[in-house]
Amino acid sequence: MFKATIYVTLKDSVLDPQGVAVKGSLHTLGFEGVRDVRIGKRVEVLLECESRAEAEKQIKELSEKVLSNPVIENFTFELEEVA
Amino acid sequence: MRFAVPIFPGSNCDYDCIHAVEDILGEPVAPVWHHDTDLSSFDAVILPGGFSYGDYLRCGAIARFSPVMAAVKEAAAAGKLVIGICNGFQVLCESGLLPGALMRNNHLKFRCDIQPIRIENNQTPFTCAYENGQVIRIPIAHGEGNYYCDEATLAELKANNQIVFRYAGENPNGSVDDIAGICNKAGNVLGMMPHPERAIFDWMGSDDGKYLFKSMLQYWKENSRAV
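Those protein sequence lines, which keep their order, are chains A and B.
Quick note on the UniProt record's numbering: the first sequence kicks off at 1 and runs consecutively.
Quick note on the UniProt record's numbering: the second sequence kicks off at 1 and runs consecutively.
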């Protein structure tokens, strides 16, 4: 069994209005050094799979096809074998 | 002209669309469940607004994989008319039938209003009963209507006259180039954030939306009988 942690983030070229709003409130709270805030998603997937290579292939595919929208988002992931 | 209105769990404008077809066109229209896989007996598909699958993951992201969408893709490929309204627009973008994506409104608020919309292309099956440049009043109701595409895609949309509607006056969501609705290259698939089915009688505040349905019927009558 493998556990994948997938991080889906907006592309740099895409404005993140949530991030802008949070940055504003951080400034209001006195965190004036905050220069930028970008908000993304973290998805955890438990995957029954024979090999690490196969798990990587499947996680990449499902992230491209479902978990992220390639028009506006990028993704990265970490993979670990679990009992 | 037979219309199908696919219903996903969480759709909520389905019966508004059905009533619009019945009341304005008097043509047969049927609700279609998201598990259905055959739309071959229909001439047009209306993907309704709402919150399919609770908008989980992204708006339209789960609906895209429902069985009925394979049939919608077949209908689009066959040149049948497919229109996605609001959540339906989001589903069409997620499924790749239309380019780009719909993101959170740039001000983060849900916007519910009657919005002036300008007809940018009346040479489509959905707008042939309007005049170019005509400003119509159609309700909007969305939190994620901020149309986004990269510059290359925008240039292509402009070059092919695929921008069908733009917001007139204030842009309610921050969409690229004030886009309110686009069609595919072939012109038979349209996505729009405003709700024409909510503007079909004067007592609704506007009846400007009814000409969109009339356009579809007019186009169908002119183009399908020869087959």
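In case anyone wonders, no lab produced these hints; they're calculated from the structure.
Since we're looking at a predicted model, the values are computed, not measured.
Idealized CB from N, CA, C, for every residue including glycine.
Misleading hints may appear alongside valid ones.
[To be verified] EDC-like mimics (lysine to aspartate or glutamate), calculated; alpha carbons at most 16 Å apart, straight line: (1) 185(B) <-> 222(B); (2) 41(A) <-> 78(A); (3) 11(A) <-> 150(B); (4) 41(A) <-> 16(B); (5) 109(B) <-> 38(B); (6) 11(A) <-> 151(B).
[Stated by the list, open to error] The calculated label-pair distances, taken between Cβ atoms and stated as ranges, are: (7) 205(B) <-> 20(A): 29 to 39 Å; (8) 30(B) <-> 30(A): 36 to 46 Å; (9) 177(B) <-> 11(A): 12 to 22 Å; (10) 38(B) <-> 27(A): 32 to 42 Å; (11) 123(B) <-> 46(A): 26 to 36 Å; (12) 201(B) <-> 32(A): 52 to 62 Å.
[As the list claims (entries may be wrong)] Chain A stretches covered by chain B per the calculated footprint, using a threshold of three residues with CB under 8 Å from any CB of chain B: (13) 16 to 26; (14) 63 to 74.
Checked hints:
1. 185(B) <-> 222(B): violated (20 Å)
2. 41(A) <-> 78(A): Status holds; Cα separation ~14 Å.
3. 11(A) <-> 150(B): holds (11 Å)
4. 41(A) <-> 16(B): Since the Cα atoms of residue 41(A) and residue 16(B) sit roughly 34 Å apart, the hinted pair is violated (cutoff 16 Å).
5. 109(B) <-> 38(B): With Cα atoms ~38 Å apart, residue 109(B) and residue 38(B) exceed 16 Å; violated.
6. 11(A) <-> 151(B): Holds, at about 14 Å.
7. 205(B) <-> 20(A): 29 to 39 Å: holds (33 Å)
8. 30(B) <-> 30(A): 36 to 46 Å: violated (59 Å)
9. 177(B) <-> 11(A): 12 to 22 Å: Taking Cβ atoms as reference, residue 177(B) and residue 11(A) lie about 18 Å apart, which means the hint holds.
10. 38(B) <-> 27(A): 32 to 42 Å: violated (56 Å)
11. 123(B) <-> 46(A): 26 to 36 Å: The hinted range 26 to 36 Å is violated for residue 123(B) and residue 46(A), with Cβ atoms some 52 Å apart.
12. 201(B) <-> 32(A): 52 to 62 Å: 54 Å Cβ-Cβ, so the 52 to 62 Å window holds.
13. 16 to 26: holds (count 3)
14. 63 to 74: holds (count 5)
Hints 1, 4, 5, 8, 10, 11 from the list above are not met by this structure, while the remaining hints are.
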